[in-house]
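Given chain A, work out where chain B should sit, using these hints.
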Amino acid sequence: MAAKAKAKELDTTRNAVPFDKANIPGPKMAKAVQAEMAGKFISKAKRPLLIVGTAAGDDGVIEIVRTMAEKGIPVAATGSSLKRLNEEGIDATYVNLHALVSYLKDPDWKGFDGKGGYNTTIFLGHNYYYASQLMSTLKNFTKIKIISIDRHYHPNAGQSFGNLKTEDFLKALDVVVAQL
Amino acid sequence: MVIKKGRFTIEGLENVQINIGKVTSSDEAEEPQGPTPAPDIHGLRDWDMRLLKRYEPVYSPICDLCCYCTYGKCDLTGNKEGACGINMEAHQAREAMIRTLTGAAAHAGHGRHLLNHLIKRFGADHPIDAGPSNIKAPVTQTVLGVKPETIGDFVPVLDYVEEQITQLLATAHLGQEGSAIDFESKALHAGMVDHVGMEVSDIIQISCLDMPKSQADAPLVDMGMGLIDSTKPVLLCIGHNVAAVTYIMDYMDEHDLFDKIELAGLCCTAHDMTRINTRAKVVGSLSKQLKYIRSGIPDLIIVDEQCIRADMMQETSKLHIPVIATNDKVMYGLPDRSKDDIDDIIRDLASGDQPGVLLFDYDKVGELAPKLVMKMAPIRKEKGITALPDDAEFKKLASSCTQCGACVIGCPQGLEIDKAMEAAAEGDLTLFEELHDKCIGCGRCEFECPKKIPILNVIEKAAQKVIREEKGKLRTGRGQVGDAEIREEGVNLVMGTTPGIVAIIGCPNYPDGSRDVYEVAEEMLQRSYIVVASGCSAMDIGMFKNEEGKTLYERYGGGFLKGNLLNTGSCVSNGHITATAIKVAAIFAGRDISGNFEEIADYVMCRIGAVGLAWGGFTQKALSIGTGCNRLGIPVVLGPHGPKYRRAYPGKAYDKDKWNILDSRDGSVHNVEPAPEHLLITAENKAELMPMLAKLCFRPGDNNLGRMIKLTHYIELNEKYLGVLPDDWHIYVRGEADLPLAMREKLLKILEEEHGWKIDWNKKKILEGPARKVDISFQPTNVPRLCKGAVE
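Chains as they are written, first to last, in our numbering: chain A, 615 to 794; chain B, 24 to 815.
In isolation and in its complexed conformation, chain A is listed as follows (with noise of 0.2 Å):
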């Protein structure tokens, strides 16, 4: 109920511009999306990773980390994040983000499972500018979905908040588990 009042009370589609304000890639930019409709996304996709970067260690965001990895989804750990997330037991893979964005766009790879290719990406607690710059590898080479659930507005996602202050970031990061 309280996350079905807090989605209420949010528009996380608000200011949907580049946080980078000269970041403007083309005809096709991310759809803003309510935070709601995010966690729907990510409850039917049928082979999600979650993507988390160092930045996702930031307090309020680690718990979202935490139980999106609790409801089953993978998580690749990206930057240093590693380490905080083990630190707070959570199971993830480390990988280079750049080299997963390869991994991710070869049909021959296995995943980190061994059970094939992911069809969605999630995107958490990216350096801004270097998330956006390989969300636009896999925008413009893969079928994959990327649905971008971090503070500011990606427009190589598919999908992606707008700019959010921090409290409002952190309520939109609620609504989408309450969807899971």
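Check the hints yourself; a few may be wrong.
Below, simulated EDC-like cross-link-like pairs (lysine to aspartate or glutamate); rule was C-alpha separation at most 20 Å, straight line [unchecked claim]:
1) A:Lys697 <-> B:Asp751
2) A:Lys724 <-> B:Glu104
3) B:Lys743 <-> A:Glu702
4) A:Lys697 <-> B:Asp276
5) A:Lys757 <-> B:Asp98
6) A:Lys724 <-> B:Asp273
7) B:Lys255 <-> B:Glu492
8) A:Lys635 <-> B:Glu104
9) B:Lys772 <-> B:Glu742
10) B:Lys76 <-> A:Glu702
11) B:Lys475 <-> B:Asp334
12) B:Lys679 <-> A:Asp722
13) B:Lys143 <-> B:Asp273
14) B:Lys573 <-> B:Glu492
15) A:Lys719 <-> B:Asp678
16) B:Lys743 <-> A:Asp705
17) B:Lys387 <-> B:Glu277
18) A:Lys642 <-> B:Asp751
19) B:Lys475 <-> B:Asp441
20) B:Lys568 <-> B:Asp535
21) B:Lys76 <-> A:Asp722
22) B:Lys442 <-> A:Glu623
23) B:Lys679 <-> A:Asp727
Honestly, the hints are just simulated from the structure, not real lab data.
Then chain B, alone, in the frame of chain A:
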């Protein structure tokens, strides 16, 4: 009799004139020549394809459109084709190639300008003397198959470089190349010729301008914004090409002016100034440029070429700082006063009638600059010119910020300027002091601010305390690594007892401030890696001190030895980094290098644990330097801005078929560990970078001791920065002797329990498990023709 180029007549045969165009030494005639002297753009394509098959290019478009011709704009999103038929992948490859070419052209253009100038000044027969080496120009020799002896011998070398650049650029035209993989091969070619151009540029200036020649104990010089004595007239030189500045230094020496004028440099010109005269000072790297101009301290600015701000005249004219442009690559619309009287020029600049001039007569530059700066200093001091606000203005500016966040969105680093502004309005400067080092000084924030706050000035004013303390030391650029050093150290490198070479190159667009490169260098030095630095990174490494107040250059030797820190010099000295790897192949392994690029690159990739790091790379030159390293088989890591270069060459460790390698003794195929795992890759932050650097020093040719040492560092760094054992450490284990001694028992247990390897616990031996065993005679190669019995 020494035969030189030129024309002469013989007594008695006055009507006969003999012209000598090129003098070929007997050595040159005898030098074994490899299969690809002076390769054209397809000459090394086979080698490129070997690289690109293993390290498949991955593209990260920064723009989904192609705006290259008037067919367009074309939307290539999703790898669609544009009107000309090019798809997104090929377009991105073309974009990367064009940028690589731009970088190569910048270095080669620099080299050509310098070569013309030095030939005019010293003569084409001026001998090459870059240090005590028999291999005088390793990159040139490997690529072109020639052994230059005089600076004039470099004329045809640059002719070759320029021809390749022209031919490559032609392929970018509409209706030419359409294949991504061939654009990549062309980019690799551009990177390779860039290293030739850089080598030429640096060797000729070392030879003619008396710079340190392979000098491990090259002198230390002062560096930092905080050490410039602003009570004296301050003459600031910015750019990369030291030609004009040498005349200023000569004039100042002759007229005993070094005590009266602060002569300072910024960016690579500063490197080269101190290589010539240690009384010159270094302000710092490129990121200090706008900040230092805004400080109002310089009384006169001399610019040459490369990495100079495009808005120089807008910035300097506001502060009544005259600018003298000395190179036709950067002319700012200024009038050419080269033929005018010095006093007239000084009058017009001092009065402000002209904000700057072009001056291509370097004798005049040498005399004019010291005279003008001494005239400008009292004029400017009297007016109290600075862009920085006083205390009252500062508070007013900080208080006028509404925390709208436009500056944050405009900042390439996403720095939280708004929060720092809010704190500053309350009198707390700590956020600005922290932000100062992370700020790259681009000034984009100011264009976004709806209140028109001069944000950069506010940052600099707030960080005055920190800036005053910015005093470091730089070991002046030493140039090449000498043959004797290679003989001494080569065996350690190839055997792996020196765990690797980390070459920290490139620009200061660091993701988290300049301290990162200092910390990377320090940690790798402590671990006995050889750390080589150049350009802006070499400067930033020297800006930080330990508890005893010593910089890394004061704490570590400058020789080519494990645990040493070498500053090769300015941007063009990067050619010496690839040259060092070539020398190891030539001197330690006895490989013929002339016109033999593929074999040498293959050797480097299989044997020499070297990795490049362009942590703050953002220029086209940084890309071309890295791409040239890649073609020679040296992996490169970029910082998180790196994907904006649009492509990388990551490896796929899981794809076993990509890691087949030959044994040149019999041509047999061996499936080996992924070493090096990537050819061009990015890292998100320093913590991710550290173990990656160690890992990229693995090579298939490592012996047990070398692999054990490399594995020790990889595991330790991974545990330190990522908190766990790396999940792939075991794939680098070929036998128990590869295991780090201190962890051997623990690791054997993990191999048995988690990976199912069979262990003989009595003998502590691995019985089954590794993908391959060590064979000390194994001669790894990627090139079939290099195998015994191969048919050419």
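- Given pair status - Asp727 of chain A, Lys679 of chain B, alpha carbons within 20 Å: holds, 17 Å
- Pair hint Lys719 of chain A and Asp678 of chain B, alpha-carbon separation not exceeding 20 Å: This hinted pair holds, its Cα atoms lying about 13 Å apart.
- Query: Going straight from one Cα to the other, do Lys697 of chain A and Asp751 of chain B come out at no more than 20 Å?
  - Reply: holds, 16 Å
- If you draw a straight line from the CA of Lys743 of chain B to the CA of Glu702 of chain A, is it 20 Å or shorter? holds, 17 Å
- Query: Between Lys757 of chain A and Asp98 of chain B, is the straight-line Cα distance small enough, at 20 Å or below?
  - Reply: holds, 17 Å
- Item | Proposed proximity, Glu492 of chain B with Lys573 of chain B (alpha carbon, max 20 Å) | holds, 14 Å
- Quickly compare the C-alpha distance for Lys387 of chain B and Glu277 of chain B to 20 Å and report which way the hint goes. holds, 15 Å
- Could you grab the alpha-carbon distance between Lys743 of chain B and Asp705 of chain A and see if it respects the 20 Å cut-off? holds, 19 Å
- Task: Take a quick look at whether Lys76 of chain B and Glu702 of chain A sit within 20 Å of each other, Cα to Cα.
- Result: violated, 40 Å
- Task: Quickly compare the C-alpha distance for Lys76 of chain B and Asp722 of chain A to 20 Å and report which way the hint goes.
- Result: Holds - the C-alpha atoms of Asp722 of chain A and Lys76 of chain B are around 15 Å apart, at most 20 Å.
- Query: If you draw a straight line from the CA of Lys679 of chain B to the CA of Asp722 of chain A, is it 20 Å or shorter?
  - Reply: Judged against 20 Å, a Cα distance of about 12 Å means the pair holds.
- Message: What's the verdict on Lys642 of chain A and Asp751 of chain B, does the C-alpha distance respect the 20 Å limit or exceed it?
- Response: Not satisfied, since the Cα-Cα distance of roughly 38 Å exceeds 20 Å.
Against the hints set out earlier in the document, violations occur for numbers 2, 4, 6, 8, 10, 18 and 22.
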